[in-house]
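**Q** The chain contents come next:
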Amino acid sequence: MERELTNGISRSTARPVPGDARLRPPCEVACPIHTDAQRYIQMVAEGKNAEALGVVRETNPMPQVIGRICAHPCEEACRRGSVDEPIAICNLKRVASDGAKAAGLGYEPPAVEFTTGKKVAIIGSGPSGLAAAHDLALMGVQPVIFEKQPEAGGFLRTGILNYRLPKDILDEDIDYIRGLGVEIRTGAGVGEDIKFDDLVAEYDAVLIAVGLSESRPLPIPGADLPQVLLAVPFLENVNAGRETEGLGKEIIVIGGGNVAIDVARSAKRITGGKVTMVCLEADNEMPAHDWEIADARAEGIEMVCSQGPNAFVGEGKLEGLQIKKCESVFDEHGRFAPTFCETELSVIPGDTVIVTIGQMSNLSFLPDTGPALNQRGILIFDREQCTTSQRGIFASGEVVTGPGAAVNALASGKRAAIAVARYLGVDVSFSHEPVAIAEVPADVSEKIKPAARRQMPVRDSDERLKDFEEVETGLGEVDGRCEASRCLLCGSGARYSELKCVACLTCVRVCPYGAPWADKDGLGGIDAGKCQACGICFTQCPAKAIDLTVVSEDDLMASIARTVTAFGGELELGCWYSQSRVAPDAGFISLPCTSRLSVRMLLHALESGASKVFVAVCSEDDDGHFVHGHRQTRAAVAESQKALAEIGLDPELIELRLVAVKKCMAGK
Amino acid sequence: MRSGSTLETVLEAGKFAVTAELGPPKSADPQVIIDKANILKGHVDAVNITDNQTAIARMSSMAAAKLVIEQGLEPIMQMTCRDRNRLAMQADILGAAALGVKNLLCLTGDHQSFGNHPQSLGVFDLDSVTLVRMVRDMRDGPRFQCGEEIAFAPRLFIGAAANPYADPFPFRAIRLAKKVDAGIDFCQTQIIYNVEKFEEFMRQCRELGVTERCKILAGVAPLKSAGTARYMKNRVAGMDVPDELVERMSAAADPQDEGIDVCVEIIKRVKEIDGVAGVHIMAVEWESAVPEITKRAGLIPGSAS
Amino acid sequence: MITAERKPFDQIKTVTDQFENILVVGCNTCVAVCLTGGEKEAEILATQLRLQRQKDGIGGTVETVTVLRQCENEYVDAVAAQVAGKDLILSTACSIGPQLFADRFPQVRVAPAMNTNMLGVVKEHHVWTEYCAACGDCVIFNTGGICPIARCAKQLTNGPCGGSQDGHCEISKDIPCVWQLIYLKLASFGLEGNLSRISGPKDWSKANSGGPRTMKKEGFKP
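If you read the sequences in order, they're chains G, R and E.
All residue numbers for the first sequence refer to our numbering, where the first residue is 1 and numbers rise by one.
All residue numbers for the second sequence refer to our numbering, where the first residue is 1 and numbers rise by one.
All residue numbers for the third sequence refer to our numbering, where the first residue is 1 and numbers rise by one.
Source of the hints: derived by calculation from the structure; they are not laboratory data.
Glycine included, C-beta positions come from ideal geometry on N, C-alpha and C.
Watch out, some of these pointers could steer you wrong.
[Stated by the list, open to error] Footprint (simulated), chain R over chain E, 3 or more residues, beta carbon under 8 Å:
(1) 25-34
(2) 148-160
(3) 180-186
(4) 190-196
Bound-form chain G, shown alone (with noise of 0.2 Å):
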């Protein structure tokens, strides 16, 4: 599988396959549906955001929605952390999305066939059936989704707030997926309109992926004052547009969660109230993602941690939150048992409590012959397979994983597509765990020129508090390039061949990074978790016994000779890090570093049909962002033209033309 860039570079798409011990970078493998963020990132960092949004399209149904709201455990695996702050992987999804957008491209969904004849009934319109839609649709298996919402997209819709994840934006993204021919039935509550076995009757597999749909219950004295208002239906009401009746100005929301946080922020914006959250676990060991935690107290959210809810106060109308001190949240195993002193107990006036402490699902549809629950009322479920007791039922998402971030929950719906796909007889199968890449050892990480990470803009706190309107602006296309040029390209540096090797040690010695290695025998190789793909052990390996996963020699020779007969005459070799072209009319490559270019490349644009080539190099006081790099293309140009005034051709015919480092990647 090759894809075509723009620039000519063409680059293999192909995943690792079993048996295939290429290490993936970190930020892939933390991802659950494994999307190759380093490919999509070099994408931005070119400025070319349909391809990096194309990138993002090839393992995740639902960019925009994910390049908002995604808990990015990419970004907590970025090994860049390790040398100042991880890559801002999420914005830079949405710098994708938004950039192929704002050029009217990307958003086109492919022509689907369902080639296969069958159909599937999914059951829940959130992020994993939705997911499994996606793909089953370009499986080629025709999917109809039962929503008893009015409109698609589940917790995405009812439970997450317009000013984190605008409904357009989810709109779209639903209507990519509409796009392939999904499609999806509102207003079809599975057990009130349809009957479930009707579906397993009609359908040729059924996909339950309802989530967890409802709030869980606060049972302690006081719950049924009418002021006591549950999480679920809340922000169903909110993000519905509708009016939230009995909300006053002194709110509690009991609950430290993401989903708390969501809540109190909304509270905040409808009463412009007193809003205080009230959570069993102490200041740093809230559930909710710390970005989350300061974004509400940005907003004049109070948080009241190590405390529990004893009882409502109020006699027919809530006054108050009575609440005790919690002194641990977990047992010694970790499970969740919080211990409390009974004795000291305070109360927190209040006219309203919203209780976001949890959701469970709903499962009542599910006749007694269908597929079996355990004692607890959960579905028995394979994780493996995604199949329940029943056979052709399968089932995906919280209802069976339990709360969890959304691309989780498209993760599990994508596995759920490929277990129905094989149930269904097409030829395919799980992918492969991939396996990350060591973390940069601190002899590498010194070596690393420190770069800023680009902050995401915000609206002003005072003035997101008036509406529901997006909160964060995003990275938008000069900061997103910035940002995007930070990663490290982890592993997608040098590889070796041992069959070629001479065994020289000329990469163990240009080296900057310490990455190859070799022992007495001369048998070797190249530390991937030390490599930084700055190439200079490729254009010295005098045997030809490394070659660069991003770019291959092969792949950048043709791209040379390509480039030079589209574009004719002069070929500019460029930088991904400099801030402006050296040669802007001539004909263009850009590459991680200009230290990748061989003597044999340079003489090859020549021999290829270059009128002039021009090599963008750094200044000799900056290294650029490779150590050496601009040492190793100032010696490969020298060389070329000693080469060419040895054949009497002009050595100026190619040329060093010095660029400035972006700014934003000259160090803190």
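Knowing the structure of chain G, use the given hints to seat chains R and E on it.
**A** Leaving out everything else, chains R and E in the frame of chain G:
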């Protein structure tokens, strides 16, 4: 007497010997030799005939030595290892002895890269030490290097060079001792400007018993100008010219006269050093300075006293 | 390793201009390790030749192939298919390579692209220094593991000449005086006194002065 040469006679008699240097021309003109010989004649006991000095092709030292003999002056024929293998050397040694040469100075030779044929093959079949041994064996064996006997042995007074200023300094006296072991009768040193260091070298030579087995002639040379002094200091390998000497030459009103004075002062100082058996005055292409130096230094050739 | 460096292009061109179809043959052993004649360099030379011939209006082809070692008959024979139809084999190996090609492909003209210079060691990246003169009579146990034949400008066997100064050779400040190194090395073992012994004259008949050398080994013959 090993050779019966004048130099040997003077030195064996315990007299202070005076030698000088005569460079053959880069031509076939015998008159150059004749003229130089006549300048030096009467002022020295013998003259060194250099062998392609500084690797520049010149009239052969053997031919020039024969011309010098004809002028009634005694030659010390120099022979380097650079240009000949052991076959050619032995041939020349036999030939030189047959022509009346009685002193042979055995040298490694400056590297060919210094001269006017830097692309030539450097032979270096032997080095100066093994050359000395070969000559000694030819004279005393008498046999060729291969061991074959020589029916009529060359009678030669065998010398070598010593440089107290080269490195490693602790090895310089040892190296001279090796040449003594190999068979030299006398040695001439590199040009001395740093007398203190030479004194230390001589102390080491006495310690090693070198002075008892070998006559040491201290090398001296008049400086022509401050420029020459600086050139020798900075550009000539194995030379040690103290800064104060360069300054003194720079300050001099008549540098040539001053140079001769300096040379004379050094001769007077080295003469006092235990083990110094004579001086070797190297006035290359300034042969006329030699009579003036010997005059000012009050040196009478041993052969004339 | 054997080190060799590429001939000036003009010299190569003088030969190659006379031929139409040329095979540049790289060698992936010594000359690859000394970064002058391996696969990469052979390809660069071939590219240069193509560019030059394009410019000078010379027709024909310049192709390239690289073998592991050009000093083995079997490896040389292995590229017979590539040699077929060529008028000239241009070898980037040490001079053994082109000689063996001439031997194995007697009908094709052969030219060296390289000048073979020494048996050397990598002193630092891109710097090689001569360590062995292949004199056939190794003496380095007596000289502190340092060869005075290969590493002394005058192949002296009895200590430094009068040109040794400040640790370097009289011919260049960039060349260390090997006898200084030997002296210091032996002194570090307290053995500098060993240098008082006269050594030599050296037996050059074991070097190539004794004529072209042949080495034979006893043992199994297939």
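**Q** Next, verify each hint and record whether it holds.
**A** To see whether the hints hold, each was checked on the structure:
1. Counting residues of the stretch 25-34 of chain E whose beta carbon lies closer than 8 Å to any beta carbon of chain R gives 0, which falls short of the minimum of three for the stated coverage.
2. Only residues whose beta carbon comes within less than 8 Å of a beta carbon in chain R count, and the stretch 148-160 of chain E has 8; three or more means the coverage holds.
3. Coverage of the stretch 180-186 of chain E by chain R holds in this model, with 3 residues showing a Cβ closer than 8 Å to a Cβ of that chain against a need of three.
4. Interface restraint, the stretch 190-196 of chain E with chain R: holds (3 residues with C-beta to C-beta distance below 8 Å; minimum three).
The structure does not agree with numbered hint 1 stated previously, though it agrees with all others.
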